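Peer 1: From first to last, the protein sequence lines stand for chains Z and S. So for the first sequence, the numbering used here puts the first residue at 154; every next one is plus one. So for the second sequence, the numbering used here puts the first residue at 154; every next one is plus one.
A few of these clues could be false.
Note that the list lumps identical chains together, so a pair holds whenever it fits in one copy or between two copies.
[What the hints assert, rightly or not] Dumping the calculated DSBU-like pairs for lysine-lysine here, alpha-carbon to alpha-carbon at most 35 Å:
id	residue 1	residue 2
1	Lys223	Lys245
2	Lys483	Lys318
3	Lys500	Lys223
4	Lys318	Lys207
5	Lys393	Lys188
6	Lys156	Lys305
7	Lys156	Lys354
8	Lys187	Lys219
9	Lys219	Lys472
10	Lys305	Lys223
11	Lys517	Lys393
12	Lys472	Lys500
These are calculated hints, taken from the structure and not from any lab test. Note that the structure is a prediction, hence the values are computed from the model and not measured.
Read off the chains here:
2 protein chains.
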Amino acid sequence: MVKINSSYRKLQGSYLFSTIAKKVTEFTKANPDKKVIRLGIGDVTLPLSPTIIKALHNAVDEMAHKETFKGYAPDRGYSFLREAIVENDYKKRGCSISPDEIFVSDGAKCDSGNIQEIFDVNSTIAVCDPVYPVYVDSNIMAGRGGDYLADKECYSGIIYMPCKKENGFTPMLPDRVPDLIYLCSPNNPTGAVIDRNGLQKWVDYANENGSVIIFDAAYEAYIRSENIPHSIYECDGAEKCAIELHSFSKNAGFTGLRLGYAVVPKALVRDGVSLNDLWARRHSTKYNGAPYIVQRAGEAVYSAEGQREIRGMVDYYNKNADYIKTNLEKAGFSVSGGTDAPYIWLKTPDNMSSWEFFDYLLSKANVVGTPGSGFGPHGEGYLRLTAFGSYENTVEAVDRIVNRL
Amino acid sequence: MVKINSSYRKLQGSYLFSTIAKKVTEFTKANPDKKVIRLGIGDVTLPLSPTIIKALHNAVDEMAHKETFKGYAPDRGYSFLREAIVENDYKKRGCSISPDEIFVSDGAKCDSGNIQEIFDVNSTIAVCDPVYPVYVDSNIMAGRGGDYLADKECYSGIIYMPCKKENGFTPMLPDRVPDLIYLCSPNNPTGAVIDRNGLQKWVDYANENGSVIIFDAAYEAYIRSENIPHSIYECDGAEKCAIELHSFSKNAGFTGLRLGYAVVPKALVRDGVSLNDLWARRHSTKYNGAPYIVQRAGEAVYSAEGQREIRGMVDYYNKNADYIKTNLEKAGFSVSGGTDAPYIWLKTPDNMSSWEFFDYLLSKANVVGTPGSGFGPHGEGYLRLTAFGSYENTVEAVDRIVNRL
Numbered sequence: 154m155v156k157i158n159s160s161y162r163k164l165q166g167s168y169l170f171s172t173i174a175k176k177v178t179e180f181t182k183a184n185p186d187k188k189v190i191r192l193g194i195g196d197v198t199l200p201l202s203p204t205i206i207k208a209l210h211n212a213v214d215e216m217a218h219k220e221t222f223k224g225y226a227p228d229r230g231y232s233f234l235r236e237a238i239v240e241n242d243y244k245k246r247g248c249s250i251s252p253d254e255i256f257v258s259d260g261a262k263c264d265s266g267n268i269q270e271i272f273d274v275n276s277t278i279a280v281c282d283p284v285y286p287v288y289v290d291s292n293i294m295a296g297r298g299g300d301y302l303a304d305k306e307c308y309s310g311i312i313y314m315p316c317k318k319e320n321g322f323t324p325m326l327p328d329r330v331p332d333l334i335y336l337c338s339p340n341n342p343t344g345a346v347i348d349r350n351g352l353q354k355w356v357d358y359a360n361e362n363g364s365v366i367i368f369d370a371a372y373e374a375y376i377r378s379e380n381i382p383h384s385i386y387e388c389d390g391a392e393k394c395a396i397e398l399h400s401f402s403k404n405a406g407f408t409g410l411r412l413g414y415a416v417v418p419k420a421l422v423r424d425g426v427s428l429n430d431l432w433a434r435r436h437s438t439k440y441n442g443a444p445y446i447v448q449r450a451g452e453a454v455y456s457a458e459g460q461r462e463i464r465g466m467v468d469y470y471n472k473n474a475d476y477i478k479t480n481l482e483k484a485g486f487s488v489s490g491g492t493d494a495p496y497i498w499l500k501t502p503d504n505m506s507s508w509e510f511f512d513y514l515l516s517k518a519n520v521v522g523t524p525g526s527g528f529g530p531h532g533e534g535y536l537r538l539t540a541f542g543s544y545e546n547t548v549e550a551v552d553r554i555v556n557r558l
Numbered sequence: 154m155v156k157i158n159s160s161y162r163k164l165q166g167s168y169l170f171s172t173i174a175k176k177v178t179e180f181t182k183a184n185p186d187k188k189v190i191r192l193g194i195g196d197v198t199l200p201l202s203p204t205i206i207k208a209l210h211n212a213v214d215e216m217a218h219k220e221t222f223k224g225y226a227p228d229r230g231y232s233f234l235r236e237a238i239v240e241n242d243y244k245k246r247g248c249s250i251s252p253d254e255i256f257v258s259d260g261a262k263c264d265s266g267n268i269q270e271i272f273d274v275n276s277t278i279a280v281c282d283p284v285y286p287v288y289v290d291s292n293i294m295a296g297r298g299g300d301y302l303a304d305k306e307c308y309s310g311i312i313y314m315p316c317k318k319e320n321g322f323t324p325m326l327p328d329r330v331p332d333l334i335y336l337c338s339p340n341n342p343t344g345a346v347i348d349r350n351g352l353q354k355w356v357d358y359a360n361e362n363g364s365v366i367i368f369d370a371a372y373e374a375y376i377r378s379e380n381i382p383h384s385i386y387e388c389d390g391a392e393k394c395a396i397e398l399h400s401f402s403k404n405a406g407f408t409g410l411r412l413g414y415a416v417v418p419k420a421l422v423r424d425g426v427s428l429n430d431l432w433a434r435r436h437s438t439k440y441n442g443a444p445y446i447v448q449r450a451g452e453a454v455y456s457a458e459g460q461r462e463i464r465g466m467v468d469y470y471n472k473n474a475d476y477i478k479t480n481l482e483k484a485g486f487s488v489s490g491g492t493d494a495p496y497i498w499l500k501t502p503d504n505m506s507s508w509e510f511f512d513y514l515l516s517k518a519n520v521v522g523t524p525g526s527g528f529g530p531h532g533e534g535y536l537r538l539t540a541f542g543s544y545e546n547t548v549e550a551v552d553r554i555v556n557r558l
């Protein structure tokens, strides 16, 4: 009789977004005249830009003719895309990453969930608290992380790095050395960023201790400040200790198109084995490439027109973030994030719990946020707001929060 | 110091297709006047059909406008696609599969590599020999399958089911009971098919022993014979023991578009846990859906026009298969597969090894096949030919084989 992977039994129910949906549905049913504005979702709302659309149509046409039809893609992605990535995301920033260190994928979520596979099952992992749940859950599924301790709302074997007001919501070096360190800057959910000096400390720490950093750069397009690195490879020695994950979701609106990439430098060696080779093997065995048409869309992102268009898109969301942050602060709320980041981390007033404030906000202002406690125990007492709505809705939601609470 | 997943060290080099490519390149360089015909690849060559192209263009246009833009897809895939799958691939065949038992994915390769994750690390697995390498390699990576025994060209912990001429190249029930059984019909690489009675025996065996069958139906569209089941759920009780994997690659030419689906019935319970729930959890944590535009293309496959077009496409390849099989047999070769299947399994003449015959065929007939030994020790002495080339090339290649060897 086959047995299931018992590690799945340790996973905690993921009720965050389903509970939100249920509460919103109930509220809407009871109050059909009220217009609810959602500032909780992480999905984008602007459509794909003209240059991307044109590239998609062109690639679809290629698929219609025998001479230009494309079947199986190269394992690591098409050269045209990997070269555009290297040129724009790395060379222009002075990072020496080569196309054969790029692995095109169907998104940063998949990569961040799968990357743990190439490491030993006994590896210790360190994550921020609060944190994007995929880092933790994918490790639990693989048998790492120990048991869930319900009273502490955490797993016994995971090193949590609390991100609190006192440390600017960025993680401090942990007390014991982890094998794998997950970092995300600009951060989901707190919107906090790690500056160049701060990130260099992590790189040095990892190199001293033989750890590997999984650096999630999904939100790097939102960075406008000079001292915040867009890539971990802007730090000295990062090619010896870091894997970087990128997404086309939030910079170019590809949440429904699915495209991302992982950077695994050839200089990153552990146990005498190149992690580049290891990830290549994983990729070629268990993955079969992103669609040709989507890779052409990714290439278009890096054209001059594409860059101008997606910059406009990100500026639009950044303006939303700024509006939320500035006006809530002005009204006396305690707010962080929202600069160089699409997420705003709002302290609940009057020591309300995350869910209490969620309910209060929904009933008083008809605005939906995401309870911070859903991202980990140190998220308790916070609410995540996102900049991905329309400007008009964002302004209205903020005005309601300011005037009705 | 982080350690790597040491199971990766047990993987054997996957040199099959790279060695083929190297040999062909060398031959072409030395013989620039010779026209080489490739009957070795598993990739399709016909372009996407008009109805699919139209659906792609329409969906791309939807992505261009705020009102119709689609972001993150539902975890299990869009309802429009899951309902079309159920209606056409199951209801019409009398199988009671429901849309919430369908999980849309980016292809059967990914699903066949990932599905093992939800089972215990100590599960024993059974595979055909020869076999599609992904079933074995993904289990080795996960720590199953024991050590590689170089002299026997196999892993110590895997149950191999030899597929030889004596058993019609279909697997026999194994001596000891496996936890997981991988079956593929029509088969890659042998082109063998399992008939309804034969498949029912496997279903009964799995239900008696608590095993789970992973049924790879990637080539079901090639079936024309009445007594060969298109789905394992045509067998009684299969919903209690089988997961089925489907691809849009070989029926509709989606190799470069990436779409597939897994069926995990709700009645499939092990250790008191629904495997449907388990796979849903895996899907929602480590995957983020197939692109909206590709799911719309998948829906178009099931339209009346789409069905007519893809039937024509498969008929075209089936005609190639038939030409290869009939004419090689007529010329005295020992051939199997090629009926209800796009693969032809050719016995090498004069007791040549697979690679000897590969070289001989390349130099004499300038035709490329795939050495059977690359799929497992019982593939030695065979060559896989595929029906995915153009009809003209297929005819020319066969004529050369018949006349020049």
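Peer 1: Determine for every hint whether it applies to the structure shown.
Peer 2: So, going through the hints one by one against the coordinates:
no. : hint             : result
1   : Lys223 to Lys245 : both (30 Å within a copy, 32 Å between copies)
2   : Lys483 to Lys318 : within (19 Å within a copy, 81 Å between copies)
3   : Lys500 to Lys223 : between (51 Å within a copy, 32 Å between copies)
4   : Lys318 to Lys207 : neither (45 Å within a copy, 53 Å between copies)
5   : Lys393 to Lys188 : neither (51 Å within a copy, 46 Å between copies)
6   : Lys156 to Lys305 : both (29 Å within a copy, 29 Å between copies)
7   : Lys156 to Lys354 : between (44 Å within a copy, 22 Å between copies)
8   : Lys187 to Lys219 : between (54 Å within a copy, 23 Å between copies)
9   : Lys219 to Lys472 : between (46 Å within a copy, 18 Å between copies)
10  : Lys305 to Lys223 : neither (52 Å within a copy, 38 Å between copies)
11  : Lys517 to Lys393 : neither (51 Å within a copy, 50 Å between copies)
12  : Lys472 to Lys500 : within (21 Å within a copy, 68 Å between copies)
Violated hints, listed in ascending order, are 4, 5, 10, 11; each of the other numbered hints is respected by the structure.
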